[in-house]
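Chain A is fixed; fit chains B, C and D onto it per the hints.
Chains as they are written, first to last, in numbering that gives the first Met the number 0: chain A, 0 to 194; chain B, 0 to 194; chain C, 0 to 194; chain D, 0 to 194.
If you're looking for bench data, these hints aren't it; they were derived computationally from the structure. Heads up, a few of these hints could be off.
Pairs involving identical chains hold if they fit within one copy or between any two copies, as the list cannot separate such chains.
[Stated by the list, open to error] Only pairs whose alpha carbons sit at most 20 Å apart, straight line, appear in this in silico SDA-like list of lysine to any residue:
id, residue 1, residue 2
1, 115, 69
2, 66, 146
3, 115, 151
4, 66, 81
5, 115, 152
There are 4 protein chains.
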Amino acid sequence: MTSQDELLAAIAWAAQQGWTPATGGNFSARAPQGYLVTASGRDKTRIQAGDLLLCDLEGHVLEGSGKPSAESDLHAALYRLDPTIGCVLHTHTVASTVLSRRFPDGIALNGFEMQKALQGNSTHDATICLPVVPNSQDMSELADHVRAGWPMPWGFLVAGHGIYAVGETIAACRRHLEAIEFLLACVLEESRWSK
Amino acid sequence: MTSQDELLAAIAWAAQQGWTPATGGNFSARAPQGYLVTASGRDKTRIQAGDLLLCDLEGHVLEGSGKPSAESDLHAALYRLDPTIGCVLHTHTVASTVLSRRFPDGIALNGFEMQKALQGNSTHDATICLPVVPNSQDMSELADHVRAGWPMPWGFLVAGHGIYAVGETIAACRRHLEAIEFLLACVLEESRWSK
Amino acid sequence: MTSQDELLAAIAWAAQQGWTPATGGNFSARAPQGYLVTASGRDKTRIQAGDLLLCDLEGHVLEGSGKPSAESDLHAALYRLDPTIGCVLHTHTVASTVLSRRFPDGIALNGFEMQKALQGNSTHDATICLPVVPNSQDMSELADHVRAGWPMPWGFLVAGHGIYAVGETIAACRRHLEAIEFLLACVLEESRWSK
Amino acid sequence: MTSQDELLAAIAWAAQQGWTPATGGNFSARAPQGYLVTASGRDKTRIQAGDLLLCDLEGHVLEGSGKPSAESDLHAALYRLDPTIGCVLHTHTVASTVLSRRFPDGIALNGFEMQKALQGNSTHDATICLPVVPNSQDMSELADHVRAGWPMPWGFLVAGHGIYAVGETIAACRRHLEAIEFLLACVLEESRWSK
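So here's chain A without its partners, still in its complex pose (with noise of 0.2 Å):
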C-alpha cells in the first residue's frame, strides 16, 4: 500500500467512527517534499486521492486543487519541529473536547493497560500525562503552545477542539489516536464518579 492509500485508510476509518463531524478534523502524512494533507471543508467520510494535498515544509501547496484549512500550518509546524513524525491525525470528538475544558493542565493516567499502546510504555504500571494546550484562531499561536509543550511523543489534546495525534508512522498514529480515544473514554466515565 503506498504512503497515499495508507493514508486514505485512515481518514476514511477516522471519518467512520465519528470523528470529523460537519468536515471537521485534518489529516497528514509526510512526503519527500513535504507533507499529504486533506484540502479544506471536505466530507471525511467519502475521501478521495483528489482530495489531498501536497504541501511543501512551509505549508505552501505544490500539487492538488483546493486550499488547505488553516489547520494546515500546525501540521507543517509540526513536520518541521520534530524529524520523527511521519503522520499527523487531527480529530473532533466529544471526549477530547470535554475533558480538554475540565483539565486544561493535562489528563493524568494510571493503571490503565492501554496505556501500553502509547510508544515507549511497557506496564500499566506508571503515571504519565495526555498533555492539553490550549486553543487559538492563530496558527502561530497555536503552534507556539505546541512547542511549548514538545516533546509529546503520542500527541495532544487542544482545549475544547479535539485531539492531534503523532506518529512515527501512519500505523502508529492511528494507534495512538485510538488509544487516546479509549483512555479518554474511560476517563469520562470515571470522572461521572469521582465528583
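Just chains B, C and D, lined up with the frame of chain A:
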C-alpha cells in the same frame, strides 16, 4: 447532483445516524414552486424520490402522492419567513429532547471550536446561544414561537421534541445539524458534572 | 411483503440495533392458525424463515423444526388475552433493564413529543405510564402479572429483563418498540441529573 | 463451519463491536495439537486465516508465521488448567476497564435476566459474581492470579485491562462474552445513580 438527490442523501444520512426514530423527522428543501418535503409516516432509512411531495409556500401539495405531515406547515412558515433559507432538516434526538427540557430559555455555548461550524462564527472565544422554543401541537402557534425568536440563523430546538436546523443550502443545513448535535453531546456530558 | 417476511425484517432490524444480545429476545406475529415465533437460541442477526415456528394459541408447535423458547408461552398468553394484538416484539436492552429495576411501579412520562408514537396519544402535553411487571421464570406467573395490568396498549417492561412491545400490526409494534427505547433513553439521561 | 472459520467469525464480530481497539485483544480455540491463537499486533477488523498461529499447550508455535502475543501464554495456561475450556476470547472494553478498577474484588450481580446466559444459571433470582483479578505484565504471575480464583466458568476481568471470557465451545464463549458486556453496561449505568 440535483437538489432532490441532495435532499434524499441528507435524509438517508440523518436516518443512518439514528435521528429519525419511529418514522419521526421531517426534511425539506426550497424549490422554484415552493419546497420539496417528506410525506408523513415514511421510514426515513429507506427514503426514495416517491416519498417526497412538492408543496407551495402555503403548504398545499402540488405534486406527489401521500399526505404532508402536520409539521410541513412549519417548514412552509420558515420558507415564507426568511427568503435566505434553502433547507430545513428536523430530527428527533435524545440529546436535543432532554437538553431542551432542561434549558427552556436556550443553551449557552462558549469555548467550543465547533461553534465555528455555525454560520457567522469565526472563533471559539465567544458566547452564543442555541435557541429553544416551546412545543405545541398547533402548528400556527409553533410558527408564532419561531417568528418571535427570529432571526435564528442555524435553527432552533423545540422543547422535548427535537432540532429544526436551517441553512442557505442543503450542505450548510447538514453542517449546522451535525454541529448542533455535537455541541449538545458535549453539553450533555458536562451537565453530568455541573450539578 | 408477506407477514412472515415483515416479521423477519423486524427481527433483523432489532438485532442490528443491538437489542438481542447473547441470542436473547423473542419475536412473533399472529397467523391464521395461531402465531409465528422465533425458535429458541437462534442468532437474531442472521435470522431466516427456517428459524420461525408456527404455533397454535396454546403454544404447541404446528410447523417448523426447533424448540420454542420458554417465553413463547407468554406470547401465546398475549394473543389469547387480547384479540387486537397482531405482533409481539421482545428485546433485551440496557435502558429497559436498569430503568425497570429502578422504577418497579412503572415509568411516568410527560412532555415528550415522542409520546405521540404510542397508540392513542395525540399530544406531548399529558402524563402517561410505561408499565413494569415483576420478572419470573414461571411463564404462567409472568402471564398472571401481565393479565393483572391489562390493558397495556403498547406493551410493558419486565423488571431487570427487557421490553415486550405489542401492536395491532407489525409496523405499529415496531413503532411502539422504537418509541419506548427512545423514551427510555431520555429518562435514563434525565435520571443522571435528578438525584 | 470448521473450528478455524468459527474462531475467525467470532474475532470479526468482536472487532465490529469495537472491542479490540489499537490492535488489542487475543482470541483462541482449542485444537487437537494445542490451540489456535491470533498473532501479535494484527488488526482484528481485517482478520484472516494467516493471522492465526497453532501453538502447543506450552505456548510454543507449531504452525503459522508471526509472533504470538505475550498474552498467548495466559491462553495456554487456561487450556492446561481446565480441560473443559474450548475457547478463550479476550477483549478491551471501556466498561470492563473502569468497573474492574472500581470493584477489584469482583462485581456482584442480582436480579438480571441476562444472568441466565452464563452457564449454570437458570434464574435471575440469585446473586452471582463476575471475578476480577489484578493486572500484571508478568504472564506467569497473571496465570497464578487466575489459578487462585479458579473455577471461574464464564471467565474473569483483569483490573484496568479487559475481559477474558471462556467457554466449552466457541458459541458458548461468545455468549458469555456478550452477556458479560451487557451486564457490565447495566452495572455502569446503575453506578451513576448509586453514589
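- Task: Using 20 Å as the alpha carbon limit, work out where residue 66 and residue 81 are close: within a copy, between copies, both or neither.
- Result: Neither. Shortest intra-copy (25 Å) and inter-copy (31 Å) distances fail the 20 Å Cα cut-off.
- Query: 20 Å Cα cut-off: does residue 115 pair with residue 152 within a copy, between copies, both or neither?
  - Reply: within (13 Å within a copy, 29 Å between copies)
- Message: I want to check one pair: residue 115 and residue 69. Are their C-alpha atoms no more than 20 Å apart within a copy, between two copies, both, or neither?
- Response: between (33 Å within a copy, 13 Å between copies)
- Can you tell me if residue 115 and residue 151 fall within 20 Å by alpha carbon in one copy, between copies, both or neither? Classified as within; 16 Å inside a copy, 27 Å across copies.
- Task: Could you place residue 66 and residue 146 in one of the four classes (within, between, both, neither) given a Cα distance threshold of 20 Å?
- Result: neither (25 Å within a copy, 38 Å between copies)
Figure legend: structure checked against the earlier numbered hints; hints not met, in rising order: 2 and 4.
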